[in-house]
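A.B. asks: Below, each chain spelled out in residue letters.
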Amino acid sequence: MMLKVEGLHVSVDGKEILKGIDLEINAGEVHAIMGPNGSGKSTLSNVIAGRAGYEVTAGSVLYNGHDLLSMSPEERAWEGVFLAFQYPVEIPGVNNIYLLKAGLNSIRKHHGLPELDAMDFMTLVREKMALVKLDESLISRSVNEGFSGGEKKRNEIFQMAVLEPSLAILDETDSGLDIDALKTVASGVNQLRSPDRAMMMVTHYQRLLNYIEPDYIHVLADGRILKSGGKDLALELEERGYDWVREEAAA
Amino acid sequence: MSSRVEELVKREYEAGFFTDIESDTVPPGLNEDVIRLISAKKKEPEWMLEWRLAAFEHWKTMAEPEWAHVHYEPVDYQSISYYSAPKSKKDAPKSLDEVDPKLLETYEKLGIPLHERERLAGVAVDAVFDSVSVATTFKAKLEEAGVIFCPISEAIEKHPELVRAYLGTVVPTSDNFFASLNSAVFTDGSFVYVPKGVRCPMELSTYFRINASNTGQFERTLIIADEGASVSYLEGCTAPMRDENQLHAAVVELVALDDAKIKYSTVQNWYPGDEEGRGGIYNFVTKRGECRGTNSKISWTQVETGSAITWKYPSCVLKGDHSVGEFYSVALTNNYQQADTGTKMVHVGNHTRSTIISKGISAGHGQNAYRGLVKVLKGADDARNYTQCDSLLLGDTCGAHTFPYIEAKNRTARVEHEATTSKIGEDQLFYCMQRGISEEDAVSMIVNGFCREVFKELPMEFAVEAGKLLSVSLEGAVG
Numbered sequence: 001m002m003l004k005v006e007g008l009h010v011s012v013d014g015k016e017i018l019k020g021i022d023l024e025i026n027a028g029e030v031h032a033i034m035g036p037n038g039s040g041k042s043t044l045s046n047v048i049a050g051r052a053g054y055e056v057t058a059g060s061v062l063y064n065g066h067d068l069l070s071m072s073p074e075e076r077a078w079e080g081v082f083l084a085f086q087y088p089v090e091i092p093g094v095n096n097i098y099l100l101k102a103g104l105n106s107i108r109k110h111h112g113l114p115e116l117d118a119m120d121f122m123t124l125v126r127e128k129m130a131l132v133k134l135d136e137s138l139i140s141r142s143v144n145e146g147f148s149g150g151e152k153k154r155n156e157i158f159q160m161a162v163l164e165p166s167l168a169i170l171d172e173t174d175s176g177l178d179i180d181a182l183k184t185v186a187s188g189v190n191q192l193r194s195p196d197r198a199m200m201m202v203t204h205y206q207r208l209l210n211y212i213e214p215d216y217i218h219v220l221a222d223g224r225i226l227k228s229g230g231k232d233l234a235l236e237l238e239e240r241g242y243d244w245v246r247e248e249a250a251a
Numbered sequence: 252m253s254s255r256v257e258e259l260v261k262r263e264y265e266a267g268f269f270t271d272i273e274s275d276t277v278p279p280g281l282n283e284d285v286i287r288l289i290s291a292k293k294k295e296p297e298w299m300l301e302w303r304l305a306a307f308e309h310w311k312t313m314a315e316p317e318w319a320h321v322h323y324e325p326v327d328y329q330s331i332s333y334y335s336a337p338k339s340k341k342d343a344p345k346s347l348d349e350v351d352p353k354l355l356e357t358y359e360k361l362g363i364p365l366h367e368r369e370r371l372a373g374v375a376v377d378a379v380f381d382s383v384s385v386a387t388t389f390k391a392k393l394e395e396a397g398v399i400f401c402p403i404s405e406a407i408e409k410h411p412e413l414v415r416a417y418l419g420t421v422v423p424t425s426d427n428f429f430a431s432l433n434s435a436v437f438t439d440g441s442f443v444y445v446p447k448g449v450r451c452p453m454e455l456s457t458y459f460r461i462n463a464s465n466t467g468q469f470e471r472t473l474i475i476a477d478e479g480a481s482v483s484y485l486e487g488c489t490a491p492m493r494d495e496n497q498l499h500a501a502v503v504e505l506v507a508l509d510d511a512k513i514k515y516s517t518v519q520n521w522y523p524g525d526e527e528g529r530g531g532i533y534n535f536v537t538k539r540g541e542c543r544g545t546n547s548k549i550s551w552t553q554v555e556t557g558s559a560i561t562w563k564y565p566s567c568v569l570k571g572d573h574s575v576g577e578f579y580s581v582a583l584t585n586n587y588q589q590a591d592t593g594t595k596m597v598h599v600g601n602h603t604r605s606t607i608i609s610k611g612i613s614a615g616h617g618q619n620a621y622r623g624l625v626k627v628l629k630g631a632d633d634a635r636n637y638t639q640c641d642s643l644l645l646g647d648t649c650g651a652h653t654f655p656y657i658e659a660k661n662r663t664a665r666v667e668h669e670a671t672t673s674k675i676g677e678d679q680l681f682y683c684m685q686r687g688i689s690e691e692d693a694v695s696m697i698v699n700g701f702c703r704e705v706f707k708e709l710p711m712e713f714a715v716e717a718g719k720l721l722s723v724s725l726e727g728a729v730g
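Quick mapping for you: the protein sequence lines, in order, are chains D and E.
The opening position of the first sequence corresponds to residue 1 in this note's numbering, with each subsequent residue numbered one higher.
The opening position of the second sequence corresponds to residue 252 in this note's numbering, with each subsequent residue numbered one higher.
None of these hints come from the bench; they were simulated from the model.
These numbers come from a predicted model, not from an experiment.
C-beta atoms are modelled at their ideal positions from N, C-alpha and C, and glycine is treated no differently.
Any given hint could turn out to be false.
Looking from chain E toward chain D, a few residues come up when the C-beta cut is under 7 Å (computed) [stated by the list, open to error]:
no.	residue
1	F428
2	R604
3	Q679
4	Y682
5	G687
6	I688
7	M696
8	I697
9	G700
Just chain E, same shape as in the assembly (with noise of 0.2 Å):
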């Protein structure tokens, strides 16, 4: 089997492409000043300016966290340059007629045509290029229904009064190195706000591209749902292949208020590096969403297929009684990609109750932990948990770990913990084969299938999507 194999899995990148677009990039490095620049280019408010700099002079005061189970080079934080846009920007895009065609050619590239005519039915795309936000369509309809989805420095812009009550509320400024960081620094990212009694009309997506290089990509995402709304966003992400190594560092802040619920999904392929484990993109990442109303219910999906390291808990904060918090993963990692990721839920709110789907596939060289934290505080009564981790090895060189962490402190704390780790079987391959399948698609089917009930939270047609990039990521990965 093996000579076939290995020339399956040195199959390229599909999304390592790179775009010529004149860029208007800042020298690498990092001090007031940049921040100042930012800020100013993104002709903000002086409290905006205020926020970062802030979160700027507590971050000079952390130290890289180095608990998880990745290892990589230390990271030159001076070296990198923390704002890139397309230079057309300049004279910012009316509409699509207005964006650089060769931007849209990278865009149809990705499969992602922003022209309204050819989008699927009902997804709303804001595209993040770098670090500003390019265009974002159907507009118009999401306005009639009082939702506002625009990139967030025009929230800052438009509607600050959102953005002041909330943004930093979820993932404080101080909260951990990478997020100080991205406070300081950030570029754009979307904002989402559904206002009382509304269900968002479509779902909201956002695809975000790294291209220049030796850029760092600080997206910064806000979504609010108020009373009685409800929303579902998708992100998905790729990058141009690079030998050098590039950072990600967003945030993403949910709220959800009494009856609200939000559904985040995740399809992350950022370039993983070469079969050497050259080039990647280090993927350090917060997403917290906070529950803080009655009834209020927060969703993540998440389907991580690229990056050399990935490092990311979307976690729920259930302050509400009687709120939901759901984490759903599938992180793979092939070649020498390495991902330390889970979630935690902690439960502050009476009757409160989440659950925690966690896929692991390792192949090649990959490692790949599960890290989670389950935490019931002293005052939450008749709190539930249940959490099922499975991890599945392709081949003898790859690793799956678990680091399971429970906190219960209230007696009446009901938390259920299942975990497996299985080697994807000569005996499921040979079944499939000797029934005409391929050994390659029967890999495929039979990862597919271990991934079912993740995939089966995504939105559909992400869901097909997330299949593929699953295949072509793994085709062959069993030795």
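Only chain D is shown next, with the shape it has when bound in the complex (with noise of 0.2 Å):
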């Protein structure tokens, strides 16, 4: 098993967040996490990529045997975990590409792998750049600065196609695109599909899954996961919104 998740209580501020979350992931397999706003979706995402400002009063987070929540990020980064950030955040003055050259060196030096050179980087970049359509001119661009909506966060998957992690996480990746762009990022993500490599994909609507299939689908809401089941709940969530689950999980 990549990730289990067990009893995760998580507190921001004193107010808890996630109230006992349980959760296994494999190799191979898809995720996706549904659920209204609020309801504690980003926090879980947050938690596994060690974001700071969050208090874990219970509960563990195991990936690949190992415990997790006692990583530093890059730790974590390294290891294999990435995070496909809601709001990438612009970092002016530094460019996109050193950036993510200076990111996969270290990751390739934790593996005891030599340094990528400039031309091999190169090589690698232009490869990956056509799995999400990228324009090139972003290469020579700052981190995120000045660009659309829709190119931060085809630059995430970009990012995620470079360093091949094994654990993805999506947080809410098609929040702000339109339908084109939609189908660029999904076409990106299926490619990066493989046996060896685990997503989590959080999203508050349906539609995303049209392009890319779930195998499990959670729904998370108060803090905890109501319901899971297979793709065709994405469906009835769809039709039937939130409430239903609720109101069965109360019952």
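Combine the two chains into a complex, taking the hints into account.
C.D. replies: Here it is, written out as structure tokens:
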């Protein structure tokens, strides 16, 4: 098992957001975490990636059998955890590709691999850019600076393609995308599906799942996973909303 | 994060070694006799001595300026020694072979080997160690082009007509307290003259180092670009670690005639004091350039990471029509460092343009002030200025301050000012770390990005050095 979340309780500023999450993800699987706004979806993503400001009050997260919560964010990245951000941040003056190259080489170094030189790196970059139809000009720009919403999200998937993580978390990757951009992003993600790689997609809407078909769907509401099922669950949610799941769970 | 951060912040000053060389130092104190002694040691002509004495007379009537946003114990000008030279200078070295090997070792440690074969191609170095120039490289090649690049004391001896014509014409001996002091006691510095129509064939560079204790460094630099000439000049500075404060009061004068261009870059890494704020250099410097000719251009680029206190405003007086002044600055204050720095752009001629890009970075208990004046005189038609001041704060105990002054007396002037203050974002750091980059590398990457507009103005090899210097001065300074 790649990821095993058990009884996870998380608070932010003393307020409990996650109230006991259990989740298991195996290599090769794609899981969708759905739920209404404020249900704790992004909190779950951030805690797995190691963002500061979240207090784990109970429970555990094991990643390939190791205690993920005791690792720093960069150690998690070295071990293959990748977060595609909901709001990719702009870093003025820092070249988009320079950051990616530094990241990739840190990861390679951790695994005892030699650093990629500029030529090999650019070959890799060109190959992966094609995957999400990223414009060549975005190579030489500062990280996310002046990117459109769609470009930012495609840049995230492009980075994922270059870094080749074992566990990819896609946090609201569909938000703010028009239908063409959504298709492009989805196609990129689909090409990155592999038997060695697990993905956890966090989304509010069902429409992303029309393009990236998950193996499992979990409904997260009020800090708990209220229902899990196969891909058909998405359609039911689309038709009936989230309230019936809450009612069913309360009964 | 914070425990690792603490460790990194406490990283020691890398240039803080002291070289044990016998030196010829005059006892502390300042009076006419000391000035006569300095002048005599330098075998100066009478007019130079008189110039110094006049400056000293004026200095005695002046008070130390107090308007800067910096705080320090008063300096006792009688406890400073105004002249210190390595003793071997008495039998002045004729070539590098005669230079004290220990001195050469010092330069090696600083990464500026003097041997020409070891030099980066195309960079000539005039190295000033305490008060005298030790060796000047690449002289021959420059002489071929007609460029004069030598210690100012040598210029006084060999090119008195040029020195007399220009010295003190940009920064008069009565200009300000520190400039007057410098005029009275300056011991060395560089002199550059680029003749008509000549592009200086290489970057010129000077390294300054304060080595002896209880000494001040008062270098004086004069650069003249004659009609149609161009030159790029870089200075770098370091000092050993000492508990007491040391004074550095330099004066730099630049003169650009018709169609001439001068680019002056500084990478300043004087000892900043320890993490409690003990020791460090007081860097009180007057730098000014005069665009005297039509279409002339003067560009200042500075990266200020050292010194306990920095007080400097490299300025441009735009006299010639269509002349251009530029100021690009990165100033970093960490621990208890204080900086009050900026520029003055004085528009005198018609159609003059100036650009000011200032990046202030504060960390620890550092206080960083930008102070700038854009002045457009009544007769200066169609003057334009663009000013951008950005401040970056790392942590909650530091400060950034901006004091922009604008005096426009001509209605056709166009003056733009933009200012931003931001904190280094947790979001930016987390983003980098999520991509596998360690926290200290992420901080350095983000800060370097913030400074990029300025670094790209530096000659390439120095841009790399400046980036590294910034990383060393800041590593992990986020809590």
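A.B. asks: Compare the structure with each hint and give your call.
C.D. replies: Checked hints:
1. A hinted interface residue such as F428/E counts as satisfied when its beta carbon comes closer than 7 Å to some beta carbon of chain D; here the least separation is about 38 Å, so the hint is violated.
2. Checking R604/E against chain D by beta carbon gives a least distance of about 24 Å; that is not within 7 Å, so the hint is violated.
3. Evaluation of the Q679/E hint against chain D yields a held restraint, the C-beta minimum of about 5 Å falling below 7 Å.
4. Because the smallest distance between the Cβ of Y682/E and any Cβ of chain D comes to about 5 Å, under 7 Å, the interface hint for this residue holds.
5. With a cut of 7 Å, the hint placing G687/E at the interface with chain D holds, because the nearest CB-to-CB distance is about 4 Å.
6. The interface hint given for I688/E holds, since its Cβ lies 5 Å from the closest Cβ of chain D, which is under the 7 Å cut-off.
7. For M696/E, the shortest C-beta to C-beta distance to chain D is roughly 5 Å, which falls under 7 Å, so the interface hint holds.
8. With its C-beta approaching chain D no nearer than about 6 Å, I697/E sits inside the 7 Å limit, and its interface hint holds.
9. The beta carbon of G700/E comes within 3 Å of a beta carbon in chain D, closer than 7 Å, and the hint placing it at the interface holds.
The structure fails hints 1 and 2 (numbered hints given earlier, in ascending order).
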